[in-house]
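Residue 6 is where the first sequence starts when you use our numbering, and the numbers rise one by one after that.
There's no promise every hint is true.
Said to hold, decoys possible - The calculated DSSO-like cross-link candidates involving lysine-lysine, where the alpha carbons are at most 27 Å apart (straight line), are:
| # | residue 1 | residue 2 |
| --- | --- | --- |
| 1 | 425 | 382 |
| 2 | 108 | 35 |
| 3 | 13 | 120 |
| 4 | 311 | 425 |
| 5 | 153 | 35 |
| 6 | 120 | 311 |
| 7 | 425 | 410 |
| 8 | 153 | 128 |
| 9 | 382 | 103 |
| 10 | 311 | 108 |
| 11 | 108 | 128 |
| 12 | 311 | 429 |
| 13 | 132 | 187 |
| 14 | 103 | 128 |
| 15 | 128 | 187 |
| 16 | 35 | 13 |
| 17 | 120 | 187 |
| 18 | 35 | 272 |
| 19 | 382 | 424 |
| 20 | 187 | 35 |
| 21 | 103 | 187 |
| 22 | 132 | 103 |
| 23 | 158 | 108 |
| 24 | 429 | 382 |
Just so you know, these hints were derived from the structure itself, not from any lab.
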Amino acid sequence: MSVLTVLKERGFVDAVTHTQELEEYLANNKATCYIGFDPTASSLHVGSLVCIMALAHMQRNGHRPVGLVGGGTGLIGDPSGKTELRKVLTQETIDENKAGIRKQLERFIDFSNGKALLLDNAKWLTKLEYIPFLRDIGRHFSVNRMIKAESYKSRMDSEDGLTFIEFNYMLLQAYDFMVLSKEHDCLIQMGGSDQWGNIVAGIDLIRRTTGRQAFGITFPLITTASGIKMGKTHKGAVWLDPERFSPYDYYQFWVNCDDADVVRFLKLFTFLDLSQINEVEFLEGAGLNNAKIILAYEATLIAHGKEEAEKALKAAVAMFGSVDIPEGLLAGSSIPRGTQSASDAESVPSSLMSADQVIDRLPVIDLFTETGLCRSKSDARRLIQQGGAYINGNRVESLDQMVGKESLDGAEILIRAGKKKHHKIILE
RNA sequence: GGUGGGGUUCCCGAGUGGUCAAAGGGAUCAGACUGUAAAUCUGACGGCUCAGCCUUCGGAGGUUCAAAUCCUCCCCCCACCA
6 MSVLTVLKER GFVDAVTHTQ ELEEYLANNK ATCYIGFDPT ASSLHVGSLV CIMALAHMQR
66 NGHRPVGLVG GGTGLIGDPS GKTELRKVLT QETIDENKAG IRKQLERFID FSNGKALLLD
126 NAKWLTKLEY IPFLRDIGRH FSVNRMIKAE SYKSRMDSED GLTFIEFNYM LLQAYDFMVL
186 SKEHDCLIQM GGSDQWGNIV AGIDLIRRTT GRQAFGITFP LITTASGIKM GKTHKGAVWL
246 DPERFSPYDY YQFWVNCDDA DVVRFLKLFT FLDLSQINEV EFLEGAGLNN AKIILAYEAT
306 LIAHGKEEAE KALKAAVAMF GSVDIPEGLL AGSSIPRGTQ SASDAESVPS SLMSADQVID
366 RLPVIDLFTE TGLCRSKSDA RRLIQQGGAY INGNRVESLD QMVGKESLDG AEILIRAGKK
426 KHHKIILE
């Protein structure tokens, strides 16, 4: 089975250029394919996960993935899918971000022995000279066609308009593709559906300059069943960096997904067998929760490793009660089977505090703000007034309550805001 | 460069002297209902030493008992024209 079929079956494919020829090419070659990543932040987030998983599938099927960090294009900003001008980054931040991105990609893709490459387009873009670029590359582009591209059209109609720098983004991305095709024999570019225009421009450029046939694959924009772009929570974007977004929260993000998304997400974000995933379709109602737990476990496993996945699972059990993963469900998953019951909650976010300062001294309100569960004291006040604040499972009744001895559970205080946000305070 | 229209609390967007911490919607948060889901309903949604006080309406001044609202200067954005 070709990668393309795999990707199609798992829901990765939105559009493909030259399907027939691409199938043949993939069947007869160890192909090299690339996806560009923006170095706008030091961490990737789940929004990029589709791309990352696609590269991983490529590698698993014997091809060579290339992650291209847009160190050069980051100095400009892609207008695709954006409604406003992007901030221009300094070289320093880009370098930092690049390092972060590499670290994360390494969890998904094996970069050893040239099995995959991580490149930076700054290497060739920053050397470009204007006149030669116009002469050799610019002449292949028709402005008439460019302004018809969806990514530019929306910006042309918007109030903010489109700057000339951004307008050139397409040329640069096409140029990237051309360079990669020459230097690394990379003839496939993948990307989100908003990248279609840029990818096609690259394919054209390659044909015109080298006469070779290149290919493009785009992925659908992944939205949640409720129609929101994926990956936003009360804590902001769901980052892949464990420093920014803890594995426990990452796990929770997946458990909390919409019922209607479970199957789709299992296909996209785990490597579990399709036939097994399809059985989940028949699950209904609360039965679906086990599938969500496996989804969360597997996703955490891939992004953060086995140890963190197990910790997150344990923590969730401690917080929300025992789970029982049946033997047969998604048999390919390495999740611990059978009944998991509460043991220790070591992976719940926790902080250290000194007992003298807390007991009978610290107002409950401060406890919630200092642990970050509430943004401000007003926020904490509201939480308490609305009955969403708990200490060791007991609802906080009064605003001026102090943290007393009775709220201790051993040397720990477990506090909760609402149903899902927990924090543990360890006293010393 | 000219002319016109704008910049309001996370976002959209009302508000043209006091009744404005600022309508409405979205997002978000809490509660009820549930399955750590969705939908629905209820409440909250600048901060604080919270029935009171303090800081916000592009920026800086000014008029006034009183300004998001009026005046002056400045900054930024958009549209059309050149």
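Each hint, compared with the structure:
{"no.": "1", "hint": "425 to 382", "result": "holds (20 Å)"}
{"no.": "2", "hint": "108 to 35", "result": "holds (25 Å)"}
{"no.": "3", "hint": "13 to 120", "result": "holds (23 Å)"}
{"no.": "4", "hint": "311 to 425", "result": "holds (23 Å)"}
{"no.": "5", "hint": "153 to 35", "result": "violated (35 Å)"}
{"no.": "6", "hint": "120 to 311", "result": "holds (23 Å)"}
{"no.": "7", "hint": "425 to 410", "result": "holds (25 Å)"}
{"no.": "8", "hint": "153 to 128", "result": "violated (30 Å)"}
{"no.": "9", "hint": "382 to 103", "result": "violated (37 Å)"}
{"no.": "10", "hint": "311 to 108", "result": "holds (17 Å)"}
{"no.": "11", "hint": "108 to 128", "result": "holds (20 Å)"}
{"no.": "12", "hint": "311 to 429", "result": "holds (23 Å)"}
{"no.": "13", "hint": "132 to 187", "result": "holds (17 Å)"}
{"no.": "14", "hint": "103 to 128", "result": "holds (13 Å)"}
{"no.": "15", "hint": "128 to 187", "result": "holds (14 Å)"}
{"no.": "16", "hint": "35 to 13", "result": "holds (19 Å)"}
{"no.": "17", "hint": "120 to 187", "result": "holds (18 Å)"}
{"no.": "18", "hint": "35 to 272", "result": "holds (24 Å)"}
{"no.": "19", "hint": "382 to 424", "result": "holds (19 Å)"}
{"no.": "20", "hint": "187 to 35", "result": "holds (16 Å)"}
{"no.": "21", "hint": "103 to 187", "result": "holds (23 Å)"}
{"no.": "22", "hint": "132 to 103", "result": "holds (19 Å)"}
{"no.": "23", "hint": "158 to 108", "result": "violated (36 Å)"}
{"no.": "24", "hint": "429 to 382", "result": "holds (19 Å)"}
In the structure shown, a violation is registered for the earlier hints numbered 5, 8, 9 and 23, in ascending order.
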